[in-house]
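Engineer: Let chain H serve as the given structure and place chain X with the ligands on it in line with the hints.
Listed in order, the protein sequences are those of chains H and X. The letter at position 18 of the first sequence is residue 18 when you use my numbering, and the numbering goes up by one with no holes. The letter at position 422 of the second sequence is residue 1422 when you use my numbering, and the numbering goes up by one with no holes.
Accuracy of the hints is not assured; some may be wrong.
[Stated by the list, open to error] With a straight-line cut-off of 27 Å between C-alpha atoms, the simulated DSSO-like cross-links for lysine-lysine are:
no. : chain 1 : residue 1 : chain 2 : residue 2
1   : H       : Lys-297   : X       : Lys-1297
2   : H       : Lys-317   : X       : Lys-1280
3   : X       : Lys-1133  : X       : Lys-1222
4   : X       : Lys-1280  : H       : Lys-330
5   : H       : Lys-426   : H       : Lys-404
Just so you know, the hints here were simulated from the structure itself, not pulled from any lab data.
Number of protein chains: 2
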Amino acid sequence: SKKTNGVGVQVEETRICVVMVGLPARGKSLIAQKVVRYLDWLSIKAKCFNVGSYRRTATPQPAASFFDFSNTEGERLRKAAAEAAVNDMCHWFRSPGHLIAVLDATNSTKSRRRWIKERYDSEGIETLFVESKCDDEELIMANIMEVKTTSPDYVGQDPEAAAKDFRERIKMYERVYETLDEDEADMTYCKIIDVGRQVIINRIQDYLQSRVVYYLMNLHIKPRSIWISRHGESEYNVSGQIGGDANLSPRGAQYAKLLPGLVAKSAGDRPLTVWTSTLKRTAQTACHLPYEKLSWKALDELDSGVCDGMTYGQIEKEYPQDFAARDEDKYNYRYLGGESYRDVVIRLEPIIMELERSENILIVTHQAVLRCIYAYFMGVSQEQSPWMEVPLHCLIKLTPRAYKTYEERMSADVPAVSTWREKGSKAEHAQTPGPSARPSPMIPAMSK
Amino acid sequence: SKKTNGVGVQVEETRICVVMVGLPARGKSLIAQKVVRYLDWLSIKAKCFNVGSYRRTATPQPAASFFDFSNTEGERLRKAAAEAAVNDMCHWFRSPGHLIAVLDATNSTKSRRRWIKERYDSEGIETLFVESKCDDEELIMANIMEVKTTSPDYVGQDPEAAAKDFRERIKMYERVYETLDEDEADMTYCKIIDVGRQVIINRIQDYLQSRVVYYLMNLHIKPRSIWISRHGESEYNVSGQIGGDANLSPRGAQYAKLLPGLVAKSAGDRPLTVWTSTLKRTAQTACHLPYEKLSWKALDELDSGVCDGMTYGQIEKEYPQDFAARDEDKYNYRYLGGESYRDVVIRLEPIIMELERSENILIVTHQAVLRCIYAYFMGVSQEQSPWMEVPLHCLIKLTPRAYKTYEERMSADVPAVSTWREKGSKAEHAQTPGPSARPSPMIPAMSK
Ligand SMILES: Nc1ncnc2c1ncn2[C@@H]1O[C@H](COP(=O)(O)OP(=O)(O)OP(=O)(O)O)[C@@H](O)[C@H]1O
Ligand SMILES: Nc1ncnc2c1ncn2[C@@H]1O[C@H](COP(=O)(O)OP(=O)(O)OP(=O)(O)O)[C@@H](O)[C@H]1O
Ligand SMILES: [Mg+2]
Ligand SMILES: [Mg+2]
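Just chain H, same shape as in the assembly (with noise of 0.2 Å):
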């Protein structure tokens, strides 16, 4: 019997429950969420219970006294709500293959954590605590304006007032706030201190706990972009051919030569570093950039084993079974001595550890793999990744924010080949539309 994962690891019996703590502002959701998608993206089950939208249904649009924890009818209110989502998230844990939730809540006394505890000591579920602490009212304020005042707690309210409330509700927390200390000793927890400034790892026990650990140590909110873009048309886009190891074509080239002048635009003179992979077609599209540049090779193409060099007409006159297996489940199917979008993802686990760490960077990289990463940030389900478009010849500007990560195309004015292949088809690669046809807006898109 063998099981493995998106993590490449055998994943214990154990299912976990991430428990959030923290004043409210302190980018508890924020994390949950970004877990969540992490997890989802190394075809980890995860998901997450809010429970202020369970608050919500009873208490749509409460004014700041409902948190006073004197309120002994807020307090009623708020336990049930916590209630609601604890056995919601016990009843989704019973279908066989969900492993991580999360509860978001803030969960601030040792008594609520402790009841929680036990709670999920019974279902045979263990917790795993993170805190959020972070006492800088300036950064906090920050919180509440770009977050907050958007809340459905506060619709249809004055930004300005929904602020002044939202500093009011803090207040109410404050008072009964205890944050993880020794007397939670026996339990397993990441305090996270000033994002990421000093982190607390208390009772790790497990793999899968500690790739959550390690995450969440790697997180951080400085403002930044990450633009992604394929290599520049290639010989073997040309032909038709997948893999190899071609040169640029001509046009492929001008791509190269106008790619310093595209990101510019983009950036203007913020500091970035570009990353290639170690195939020639991406080093020599990025071959003119002013940046420091670092190649990786696990930035390299989806490996296509015995296709390699083939077109898609000769793969399916030879190998027939395979090519409608690939339309079937292209997630999964892995060419014979070659590999899946899966392992690609697993491979590429490291990059996205390193990009959440880093600032401004670009990845020049082939199709498959953009298409992975592009679906890290988007939340782009696996049913849908393998299939997206991502045409030759055009940058990507990925912006992550708050909720949202907002996405930017710019397509250079060099017509190119499409390498785009729909369900079914055999893809005849085909002249694109000029640039003017393709729309290039800012689209906010709600990653997942």
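Structural biologist: Same frame as chain H, but now just chain X with the ligands:
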């Protein structure tokens, strides 16, 4: 200008001194030495400077009273030893590529640590303090018995007396010992409490620091062994071809049948998990093993790219220059469209991390991969490891202990071709001599 290193990531221009902190017998030297071995394996030049061995040149066999902090002569000599070590280290850092050094000493007071930090600040070298804190009397006594009674400080002395004297020495340090705390909030540090039960991480800034800290987080000292075996002889081994995804030969299948007995003889009834690659020959070799199994893509054989499926003779004929280049620098030689040993090490890094976290593991893998894993545990150099002979049908048991990794080899009585190729040879695969000709002693091998 592209720079890569063993972890595939640009090493910033930073140089880091890892400064150990902790009372005697807290595993500081063990940790220091493991970090150096891990970094070396990743091609990151690292070196440990042990203040004790500097002190020993002036005071080879000090009594416990030497470490009394009110003994001014002792204090002067110990400070002189620290200064000599720091000076040598600063000199070492002046060579290009010398990136990380470890200062292995107790560094038990805040004033000493402040002095160290200022000294390195003035040299433009970052400091990362790593404290091992542990107050478990039983564990400390076990540590003393394991490593201290045989220390050069006690050569020729009675172990009982040595242990007693060493406990006196610890008492001297305890009087002045100051743990890392808020007073040192400005410093970058990692505090490991009770062998990782709790870890506090403060102000980790860059990539290398975060790698070192993640590695430290994953270490444990529970007794365990790691068994490694190549797959049984494959049809390709018999025909002399490399790469591919062949089935086992009849003799390979016989090895698979005998393997459970061989393992049981060595491991008894200890629980263990089997890791294989995703290739048929390792799964077939493991198929009779009555343990949980897990397959890793990262354990697949070194990818020989265009040479996949060829014999060495064919490679020499078709790619004579490549063949010579590979012999010249086998570690760095990357097959056209394939991998080098260096590439394999990069993709094995998560495997090593997972091995550090795990207890008893049996790995069934391939020649090149096995060489890389072996090199990590035994500290084999990059010049030597690609040429190491690892016969087929032989189980290797590695047992990490304090400063040594013990090795034991057990041959199964099943003949196989030899796939070992000497530098410059074509390796016409030959019948190996019977197992009786291969001695399998218990070899205590110093891990570097
Ligand atoms: N570790 C952190 N510490 C402080 N702020 C953070 C952290 N991580 C993210 N943020 C910021 O927090 C904001 C998002 O706040 P979020 O809605 O996630 O807070 P919350 O803790 O869930 O609040 P509430 O209790 O009201 O639900 C973003 O502006 C983000 O930049
Ligand atoms: N984090 C740890 N905490 C406590 N003991 C440890 C830890 N890591 C390793 N050990 C144990 O410590 C012993 C090795 O001690 P080591 O010689 O490294 O101590 P040391 O701190 O360098 O002492 P000294 O100050 O005398 O040089 C081994 O028995 C090992 O199992
Ligand atoms: Mg929230
Ligand atoms: Mg020591």
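Engineer: Hint check: X/Lys-1280 vs H/Lys-330, CA-CA at most 27 Å. Holds or violated?
Structural biologist: holds, 22 Å
Engineer: Between H/Lys-297 and X/Lys-1297, is the straight-line Cα distance small enough, at 27 Å or below?
Structural biologist: holds, 15 Å
Engineer: Quick one, are H/Lys-426 and H/Lys-404 close enough, alpha carbons at most 27 Å?
Structural biologist: violated, 35 Å
Engineer: Taking only the CA atoms, is the gap from H/Lys-317 to X/Lys-1280 under or equal to 27 Å?
Structural biologist: Holds - the C-alpha atoms of X/Lys-1280 and H/Lys-317 are around 26 Å apart, at most 27 Å.
Engineer: Decide if the proposed pair is consistent with the structure: X/Lys-1133 and X/Lys-1222, CA atoms, cutoff 27 Å inclusive.
Structural biologist: holds, 17 Å
In terms of the numbered hints stated before, the structure departs from hint 5 and from no other.
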